[in-house]
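Participant: As given, the protein sequences belong to chains A and B, one line each in that order. Just so it is clear: in the first sequence, position 95 is 95 by the numbering used here, and no numbers are missing. Just so it is clear: in the second sequence, position 33 is 33 by the numbering used here, and no numbers are missing.
Hints may contain errors.
All copies of an identical chain are treated as equivalent in the list; a pair is satisfied when it fits inside any one copy or across any two copies.
[Unchecked claim] In silico EDC-like links for lysine to aspartate or glutamate, alpha-carbon gap of 20 Å or less: (1) Lys121 x Glu144; (2) Lys121 x Asp42; (3) Lys4 x Glu156; (4) Lys100 x Glu46; (5) Lys100 x Glu43; (6) Lys133 x Asp58; (7) Lys28 x Glu146; (8) Lys121 x Glu46; (9) Lys56 x Glu144; (10) Lys100 x Glu37.
Hints were generated in silico from the structure; no laboratory data involved. From a predicted model like this one, the values you see are computed outputs, not experimental measurements.
There are 2 protein chains.
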Amino acid sequence: MSKKGFTLWFTGLSGSGKSTLAQFLTPKLRELGVPVEVMDGDEVRENLSKGLGFSKEDRDTNIRRIGYVANLLSRNGVCAMTAAISPYRSVRREVRDGCKAEFVEVFVKCPLEVVEERDTKGLYKKARAGIIKNFTGISDPYEEPEKPEIVVDTAEESIEQSAEKVLEFLRSRSLIG
Amino acid sequence: MSKKGFTLWFTGLSGSGKSTLAQFLTPKLRELGVPVEVMDGDEVRENLSKGLGFSKEDRDTNIRRIGYVANLLSRNGVCAMTAAISPYRSVRREVRDGCKAEFVEVFVKCPLEVVEERDTKGLYKKARAGIIKNFTGISDPYEEPEKPEIVVDTAEESIEQSAEKVLEFLRSRSLIG
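With these hints in hand, go ahead and build the complete structure from the sequences.
Facilitator: In structure tokens:
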């Protein structure tokens, strides 16, 4: 492949807008001739990680698998977008180090109050009620990225603005034309 | 990607020569400009399927994961070579049906007596001794493909001959130039 692949690694709380932003970017990137694959958290848990739970160990295993596939894709010229919460800094660092192609971490920032208010999947309510255990932000930690390549703030920005930030960064690195 | 990706799905007993043939083909395909990724059984168990055992259910899960990744790669112009035993016909059928790009099943045929005599990893001895349970060919079934695209016979052919059969098939389908 002559094309330069890369990984767009979205990280953030459940409901912060990771998958939505990835889906919004997909046709825009394809229009630019970039092959895209999106691996969102739910899809990956179905296809790669069925049976894994939400302990730190299981979460890390899930993230390593996503990282393995993102590396295979991106080093073959694909834009691999991943949209799993990926709450732990250490394993995000590990997958970054394992990626041969460019690794772009996108922190999808949104205050807990806002995602909890949105509660698109009704999960925060269940987490607060103790029905779901180990829920990131409620009963499990989320470690914010220290030096992400991109920060989008979905509580303050429109999706167009967030997407433009990502595209602008990719242009600045000559990853897209 | 303008290139046509495809999956080369090697199946056969442990020690039949799946990974060896995949590794032998890799530089030949790359010389032709084909991007290649090899997922052999051991590597995949480490990266995608740690914790899974060798029951039919766990084997099927392992194969589904390999199929998921092979599909992602091949539909993006990559030649995805997989070299897991993949003993069950039904799940091989399932991954074939799930692959958007061309799916080429290569039956790496070798009589049990021969692979047992080779016993490259010392596994057959352990399986015969009952130290390893559920070992394909000894204490677990291997279902031969009914209509594989290619059959190579590693007991009778040189690796060059087997590789040439594969390349010849790929040329006949215009999958390589």
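Participant: For every hint, state whether the structure bears it out.
Facilitator: A quick look at each hint next to the structure:
1. Lys121 x Glu144: Neither. Shortest intra-copy (22 Å) and inter-copy (45 Å) distances fail the 20 Å Cα cut-off.
2. Lys121 x Asp42: within (12 Å within a copy, 38 Å between copies)
3. Lys4 x Glu156: Answer is neither: 32 Å inside a copy and 42 Å across each miss the 20 Å cutoff.
4. Lys100 x Glu46: between (26 Å within a copy, 19 Å between copies)
5. Lys100 x Glu43: between (24 Å within a copy, 17 Å between copies)
6. Lys133 x Asp58: within (14 Å within a copy, 26 Å between copies)
7. Lys28 x Glu146: neither (28 Å within a copy, 44 Å between copies)
8. Lys121 x Glu46: Within. Shortest intra-copy distance 17 Å satisfies the 20 Å Cα cut-off; inter-copy 33 Å does not.
9. Lys56 x Glu144: This pair counts as within: shortest intra-copy Cα distance 16 Å, inter-copy 41 Å.
10. Lys100 x Glu37: both (17 Å within a copy, 14 Å between copies)
Comparing the model with each numbered hint stated earlier shows that hints 1, 3 and 7 do not hold.
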